[in-house]
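With the sequences and hints as input, model every part of the structure.
Residue numbers (my numbering), protein chains in the order written: chain A, 1 to 77; chain B, 1001 to 1579.
Since no wrong hints were added, every one of them can be taken at face value.
Heads up, simulated BS3-like pairs for lysine-lysine below, C-alpha to C-alpha not over 25 Å straight-line: (1) Lys18/A to Lys45/A; (2) Lys1125/B to Lys1572/B; (3) Lys49/A to Lys1446/B; (4) Lys1251/B to Lys69/A; (5) Lys1463/B to Lys1543/B; (6) Lys45/A to Lys23/A; (7) Lys1145/B to Lys1116/B; (8) Lys49/A to Lys69/A; (9) Lys69/A to Lys23/A; (10) Lys1433/B to Lys49/A; (11) Lys69/A to Lys18/A; (12) Lys1145/B to Lys69/A.
Taking CB as the label site, the calculated pair distances span: (13) Thr9/A to Glu1316/B: 33 to 39 Å; (14) Arg1149/B to Thr43/A: 32 to 38 Å; (15) Asp1121/B to Leu42/A: 56 to 62 Å; (16) Asp1486/B to Asp15/A: 22 to 28 Å; (17) Thr8/A to Thr1480/B: 23 to 29 Å; (18) Thr9/A to Asp1117/B: 45 to 51 Å; (19) Asp15/A to Phe1265/B: 33 to 39 Å; (20) Asn1532/B to Asp62/A: 48 to 54 Å; (21) Lys23/A to Gln1105/B: 41 to 47 Å.
Which bits of chain A does chain B cover? Going by a derived footprint, with three or more residues having C-beta under 8 Å, they are: (22) 24-34; (23) 61-75.
It should be emphasised that the hints constitute simulated quantities derived from the structure, not laboratory data.
Ideal placement from N, C-alpha and C gives every residue a C-beta, glycine not left out.
Listed below, chain by chain, are the residues.
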Amino acid sequence: MPIANTPTTVPVVIDADKCIADKGCTVCVDVCPLDVLRISELTGKAYMKYDECWYCMPCEADCPTGAVKVNIPYLLR
Amino acid sequence: MTGDIPGGISAVECDVLVIGGGTAGPMAAYKAKVKNPESRVILLEKANVKRSGAICMGMDGLNNAVIPGHSTPEQYTKEITIANDGICDQAPVYKYAQRCFEIIQELDRFGIRFQKDQKGDFDVKKVHHIGTYVLPMPNGDTVKKALYRQLRRVQMLISNRYMATRLLTGRDGRIAGVIAVNTRTSEFLVVRAKAVILCMGAAGRLGLPHSGYLYGTYENAANAGDGYAMAYHAGAALANLECFQINPLIKDYNGPACAYVAGPFGGYTANNEGMRFIECDYWSGQMMLEFHRELQSGRGPVFLKLDHLADETIGEIESILHRVERPTRGRFHAGRSTDYRHQMIEMHVSEIGFCSGHSASGVFVDEFGRTTIPGLYAAGDMANVPHNYMLGAFTNGAVAGEHAIDFAAETSLVDYDPADVTAERERVLAPLKREDGIPPNQIEYKTRRLVNDYLQPPKITRKYEIAADRFAEVREDLDTAMLARDAHELMRAMEASSILDCAEMAVCASLFRTESRWGLYHYRVEYPERDNENWLCHTLLRKVDGVAICERRPVAPYIVPIGNEERSAYDKQRLRRPA
Chain A
1 MPIANTPTTV PVVIDADKCI ADKGCTVCVD VCPLDVLRIS ELTGKAYMKY DECWYCMPCE
61 ADCPTGAVKV NIPYLLR
Chain B
1001 MTGDIPGGIS AVECDVLVIG GGTAGPMAAY KAKVKNPESR VILLEKANVK RSGAICMGMD
1061 GLNNAVIPGH STPEQYTKEI TIANDGICDQ APVYKYAQRC FEIIQELDRF GIRFQKDQKG
1121 DFDVKKVHHI GTYVLPMPNG DTVKKALYRQ LRRVQMLISN RYMATRLLTG RDGRIAGVIA
1181 VNTRTSEFLV VRAKAVILCM GAAGRLGLPH SGYLYGTYEN AANAGDGYAM AYHAGAALAN
1241 LECFQINPLI KDYNGPACAY VAGPFGGYTA NNEGMRFIEC DYWSGQMMLE FHRELQSGRG
1301 PVFLKLDHLA DETIGEIESI LHRVERPTRG RFHAGRSTDY RHQMIEMHVS EIGFCSGHSA
1361 SGVFVDEFGR TTIPGLYAAG DMANVPHNYM LGAFTNGAVA GEHAIDFAAE TSLVDYDPAD
1421 VTAERERVLA PLKREDGIPP NQIEYKTRRL VNDYLQPPKI TRKYEIAADR FAEVREDLDT
1481 AMLARDAHEL MRAMEASSIL DCAEMAVCAS LFRTESRWGL YHYRVEYPER DNENWLCHTL
1541 LRKVDGVAIC ERRPVAPYIV PIGNEERSAY DKQRLRRPA
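In structure tokens:
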């Protein structure tokens, strides 16, 4: 049977103006315990690729430019 | 040291391999390396050691510090034995209690400060029923960074992004190494080791949180129970898996409400009348049973009550709770416009899991962290030393690391059967090779939804039997139809497999013990009484000829005797109300 993509609103949000992933930074991607962040090939910025978040905050705490914000996943809010 | 073995799989060798870079793992690897600097120690982690594990954002304090002048190893061992309804091999607990102060001092030297009073003594707080063991950590957010600095200092060999999937054993039954798969590339790695230490955390994705969000778990959601599954498939014994972990928590947020933090400031767990209903907030199965009863009663639900405290006291509590361990707590409250100052915060009980951190189940180990497989050790939340908490992971990790490195010095690498590697590679990669099938998140959701429906205590025999049938159906799907489209999904697929293994082990162990014990953790409706005559023993579960079997194992004779009148200290959790 074919696979569908069910949309979800993701908790981790990146401020593209502040994100310096296009300059080689991968800190948020590296520190996420669930490994759910990636750098977009299209924009060169970090984004949440997999909605598998423990809302734990290393990505936000370690981001050198303050570009990452961890929100509470919608289902828990 | 690095080479290829048939099938394009790379292989490395080492003396001691530590799997899991959270809390116990880094300490085990560090202690092994420091004890024998010439040795080769590898630390394997499926995420990144810098921020992996339960304490990725640090910890607010030590819940079980045995500090001279405040408590004794004998007293602590006695308290833990009583809190576990007598089912406790005391040697590992006593060893922990004797060594943890030295570990506290070492962590202090690493830069992790512990709270001291005006005289410069450790400022220990009372939360437990009998003794005094809780020590706050003012800069608890720095734990992982401090640990990582030490690993760098000893030039630890760290392999991030490798998820171990199965252990390898030799013909003589000794440990031979591990098979791992890269979570970004799906490349295979075989690590040959003279000793392996499993530090892979709790089985935290066993039950489904009430929110329905798969990763909104109490435990770090990365801890899917991989260690329990690996130990099981290697033939190691697992103890008392029917003693589930269930935690009190902030409802929906699903993180700790932290009465341990708030308690010493005057906060407490209350019912909807704002009244206390339990004697003490220290977590035990008996406490959780009273919690459960209050939830079900007309006085439910249950709340964390702080609104009677002074503003500055609440500010101090917030500065801890909203900064370390689960710092998004503050955001959760802000989003709901709830404030500790103005209202009580609704609490609930967590989904079920396995975790010796707060409970007592796990891979069976002795006082050196040795499992029943020669050369295989376990420490932290997945080993069965009861009520470990963070300091137990550090201390028992240290114990296992030091023992394993000596063991490795006296032994050689064991040969494994290459066919085992081939078979495992086929098993692991199967979901990637399918063009169509069921994604891991659906396999996982179904397993965990069934766990909630049928396994959540109170335990009913017929429901457990139905669960076994349903799990068998899910297993058929997992084995024949699970689909992964990339390396990341493959990691989730392997985790789904571990979760199902844990669910089936939970059924097997729970049905075996025909009594009730540990309060809510193993409350069997048809056998409501504790039966010390037949069941004052461990249950050991292991894989024999491909199937799980359970057997009784006597509790080792106590080192610290327990008086008759002391045995019931944890049975009297409910506050007596005036008639």
